[in-house]
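Peer 1: Chain by chain, the residues:
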Amino acid sequence: MKSVGIDIGSRTVKIVALDENKVLSSAVADSSYDPLAVSKELLNGIDYDTLVATGYGRHMFSEHCECRVISEIKAFAVGARALFPECRAILDIGGQDTKAISLDESGRVLKLEMNDRCAAGTGRFLEIMAAALHYPLADFGEAALQAKKAERISSMCTVFAESEVISLLTRGARREEVALGIHEAIIQRIIGMLGRSSPIPTLVFAGGVAYNQCIGHLLTKNLGIPLLIPEKPQIVGALGAAMEGLRNYTTD
Amino acid sequence: MTTDYRKMWTDLGLDLKMHDALLNVLGGLYKDTFLSQKDRPESMSYFDFVMSEVHGLRIKELMDAKAEGRKIVGTFCVFVPDELILATDAVGVGLCAGAEFGFGEVEKLLPRNTCSLIKSFFGFKLSKVCPYIEATDMVVGETTCDGKKKAYETFKQLQPNLYVMEVPQMKKPEDRTLLKAEYLQFMKALEKLTGVKIDAKRLKKGIGIVNNRRKALHRLAALRASDPAPISGLDALLINQVVFYDNPLRFTDSVNKVCDELEARVKKDKGVATKGTPRVMIAGCPMAVPNWKLPAIIERSGGIIVGEESCVGERGTRNLVDESGTTLDAIIDAIVDRYFQIDCAIFTPNNERTEHIESMAKKYKADGVILYSLQFCSPYTIEAFSVENSLGKKKIPSLRIETDYSQEDVGQLKTRVEAFLEVIKK
Numbered sequence: 001m002k003s004v005g006i007d008i009g010s011r012t013v014k015i016v017a018l019d020e021n022k023v024l025s026s027a028v029a030d031s032s033y034d035p036l037a038v039s040k041e042l043l044n045g046i047d048y049d050t051l052v053a054t055g056y057g058r059h060m061f062s063e064h065c066e067c068r069v070i071s072e073i074k075a076f077a078v079g080a081r082a083l084f085p086e087c088r089a090i091l092d093i094g095g096q097d098t099k100a101i102s103l104d105e106s107g108r109v110l111k112l113e114m115n116d117r118c119a120a121g122t123g124r125f126l127e128i129m130a131a132a133l134h135y136p137l138a139d140f141g142e143a144a145l146q147a148k149k150a151e152r153i154s155s156m157c158t159v160f161a162e163s164e165v166i167s168l169l170t171r172g173a174r175r176e177e178v179a180l181g182i183h184e185a186i187i188q189r190i191i192g193m194l195g196r197s198s199p200i201p202t203l204v205f206a207g208g209v210a211y212n213q214c215i216g217h218l219l220t221k222n223l224g225i226p227l228l229i230p231e232k233p234q235i236v237g238a239l240g241a242a243m244e245g246l247r248n249y250t251t252d
Numbered sequence: 001m002t003t004d005y006r007k008m009w010t011d012l013g014l015d016l017k018m019h020d021a022l023l024n025v026l027g028g029l030y031k032d033t034f035l036s037q038k039d040r041p042e043s044m045s046y047f048d049f050v051m052s053e054v055h056g057l058r059i060k061e062l063m064d065a066k067a068e069g070r071k072i073v074g075t076f077c078v079f080v081p082d083e084l085i086l087a088t089d090a091v092g093v094g095l096c097a098g099a100e101f102g103f104g105e106v107e108k109l110l111p112r113n114t115c116s117l118i119k120s121f122f123g124f125k126l127s128k129v130c131p132y133i134e135a136t137d138m139v140v141g142e143t144t145c146d147g148k149k150k151a152y153e154t155f156k157q158l159q160p161n162l163y164v165m166e167v168p169q170m171k172k173p174e175d176r177t178l179l180k181a182e183y184l185q186f187m188k189a190l191e192k193l194t195g196v197k198i199d200a201k202r203l204k205k206g207i208g209i210v211n212n213r214r215k216a217l218h219r220l221a222a223l224r225a226s227d228p229a230p231i232s233g234l235d236a237l238l239i240n241q242v243v244f245y246d247n248p249l250r251f252t253d254s255v256n257k258v259c260d261e262l263e264a265r266v267k268k269d270k271g272v273a274t275k276g277t278p279r280v281m282i283a284g285c286p287m288a289v290p291n292w293k294l295p296a297i298i299e300r301s302g303g304i305i306v307g308e309e310s311c312v313g314e315r316g317t318r319n320l321v322d323e324s325g326t327t328l329d330a331i332i333d334a335i336v337d338r339y340f341q342i343d344c345a346i347f348t349p350n351n352e353r354t355e356h357i358e359s360m361a362k363k364y365k366a367d368g369v370i371l372y373s374l375q376f377c378s379p380y381t382i383e384a385f386s387v388e389n390s391l392g393k394k395k396i397p398s399l400r401i402e403t404d405y406s407q408e409d410v411g412q413l414k415t416r417v418e419a420f421l422e423v424i425k426k
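Chains U and L, in that order, give the protein sequences.
Position one of the first sequence corresponds to residue 1 (the working numbering), numbered consecutively onward.
Position one of the second sequence corresponds to residue 1 (the working numbering), numbered consecutively onward.
All the pointers check out, no bait thrown in.
Label-pair distances were calculated between CB atoms; the ranges are:
(1) U:Gly45 / L:Lys270: 45 to 53 Å
(2) L:Gln37 / U:Lys40: 32 to 40 Å
(3) L:Gln185 / U:Arg152: 49 to 57 Å
(4) U:His64 / L:Ser45: 30 to 38 Å
(5) L:Lys31 / U:Ser62: 20 to 28 Å
(6) L:Lys156 / U:Gln188: 39 to 47 Å
(7) U:Thr220 / L:Lys393: 26 to 34 Å
(8) U:Lys40 / L:Lys395: 41 to 49 Å
(9) U:Cys157 / L:Asp199: 56 to 64 Å
(10) L:Pro111 / U:Met1: 55 to 63 Å
(11) U:Cys157 / L:Ser324: 54 to 62 Å
(12) L:Lys363 / U:Arg108: 22 to 30 Å
One side of the interface only, derived from the structure: several residues of chain U facing chain L at Cβ under 8 Å:
(13) Tyr56
(14) Ser71
(15) Glu72
(16) Ile73
(17) Lys74
(18) Asp97
(19) Val109
(20) Leu112
(21) Met114
(22) Asp116
What the hints contain is simulated information worked out from the structure, not anything from laboratory work.
Remember, it's a predicted structure, so these values are computed and weren't measured experimentally.
Positions of the beta carbon are idealized from the N, C-alpha and C atoms, including for glycine.
Generate coordinates for the entire structure from the input sequences, incorporating the hints supplied.
Peer 2: Structure, rendered in structure tokens:
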């Protein structure tokens with residue numbers, strides 16, 4: 001029984017192919033200007049019995065390919081539990097959305113929080129801030145961790161924060177201290193979301209931003225608990241979608 | 001529309017080009033949102049007709065009333081008693097505030113971070129596309145939230161017939177005294193406008209009409225407690241929206257006809273959604289025509305809406321005015337008593353609202369509550385947090401949503417709503 005999960009996000013498309021519970025392959029590609037073409041390209045040559053789509057582009061995709069559709073929240077819940085059965089909360093920071101999900105003991109979604117209508121606190125925000133400071137995105141978190149103290153960034157609006165960064169730099173602020181300030185600003189926002197979604201016993205940190213070590217470090221420091229970070233944090237949703245395909249195929 | 005109303009619109013001072021654009025959008029949106037639904041009650045055809053003639057025949061009726069010497073009073077809030085307006089033979093109409101229209105012009109007069117509802121009535125006025133406001137002899141504003149209160153100062157320059165009424169913010173005895181004084185003053189203003197002196201008999205007649213209208217809406221609400229739900233939330237919302245525009249007697253009659261049909265459906269265990277469909281209640285800011293975004297997302301994602309805790313919904317229609325009073329003063333007191341109970345989020349404290357949401361969720365067998373607020377509406381966005389906590393303690397799932405009249409966040413909202421429906425599905 002082969003199941004494929006595809007997670008069509010705002011910045012990247014992720015795919016996971018399963019044979020029963022064994023991962024056969026996984027891949028990540030930029031969504032580009034034509035996420036449908038990217039998705040089809042990723043599926044090319046993979047054979048499957050069931051296909052489940054999730055992510056921002058799930059409905060668009062389902063109009064062109066025969067598949068089932070589930071929300072990202074459910075996909076992340078299933079995927080995170082598959083990797084960490086003890087998981088009771090998930091923080092997913094993707095390109096466009098930040099989600100905080102809490103689960104009950106059996107893995108059912110209890111509550112979810114999502115950022116409203118703006119990119120603040122998302123991967124896109126980090127991308128823009130890294131560019132404003134001329135860091136490659138992959139080095140941004142590492143650089144921020146080098147700072148001894150942080151400059152304060154008060155605005156969480158991407159546009160205003162960028163001008164704040166520029167004025168800090170023109171005042172002679174150190175680049176890595178500004179970088180740390182940006183990370184701390186994001187953390188403040190995330191802590192608020194996590195606090196609203198419920199207590200956090202065992203937290204899985206997923207989504208592309210989980211690659212950023214500074215965010216992980218600051219979260220651990222602020223929450224006082226270790227984080228469970230998947231080896232490939234970006235594919236948790238696609239994995240969940242594929243697992244869901246297995247689950248329902250047998251009961252249908 | 002079959003009849004040509006262009007002359008009437010021109011005479012009212014509408015911008016025909018902009019108005020055509022609005023009607024085009026509205027018509028298309030209505031078709032996609034309402035006419036595409038399955039198993040609609042046949043009696044909804046009346047409301048389809050009303051909507052197709054909302055800027056036509058209904059305006060013609062208003063113009064005919066004016067020709068008979070009756071006055072048109074436009075309102076924005078359920079704190080303005082229709083009973084008083086009807087007692088002077090005037091026609092009350094709720095004014096348009098549910099669409100993003102002319103916001104570019106609006107932002108020359110108001111800060112960008114003003115709620116969509118306020119921007120919307122400015123937009124309609126500035127773009128000259130609302131025949132209702134142009135037909136009015138008096139527009140009534142009220143000091144509910146800070147946004148409206150301050151915006152009316154600017155609005156007065158665009159709409160010189162604006163009358164602003166004070167609404168208290170607490171529920172102490174002296175606040176009730178204030179509300180009564182305001183209603184008495186409003187009565188005087190209406191009498192001056194219409195030349196009609198309000199007496200006990202006239203007021204009782206007005207109360208009778210409005211109470212009957214409320215009773216019909218209560219009947220509709222009660223029928224929605226059935227599983228399967230006999231009517232979609234979108235259609236029920238539409239009825240609750242049309243109440244602000246339509247002739248009250250004809251409206252009441254039409255709602256009762258819908259209820260007759262729904263009763264027959266309930267007896268046959270027939271509905272618009274299958275048994276077990278996740279049942280959702282919406283609580284929060286009012287949804288004026290054509291603000292159907294969130295309800296459409298909920299019902300297209302496989303949920304069914306069974307109640308609206310909103311001014312356009314149960315908050316606006318809850319409680320009747322006691323009809324036992326005989327003297328004018330006793331009758332006015334009964335009106336004040338009824339309106340003073342409205343649990344708008346502008347009041348502090350406002351625990352009654354949370355209690356009402358909880359009891360509605362129980363009554364309509366809702367599996368979850370969506371707390372809907374307009375972005376920048378402080379009263380409802382702030383209150384949503386405490387309501388959410390209280391619902392959580394009662395194990396009623398809830399989802400907070402903050403949005404506006406734009407369409408850009410539909411994808412995001414869909415994700416959240418779908419996930420919420422997955423959560424509450426039994």
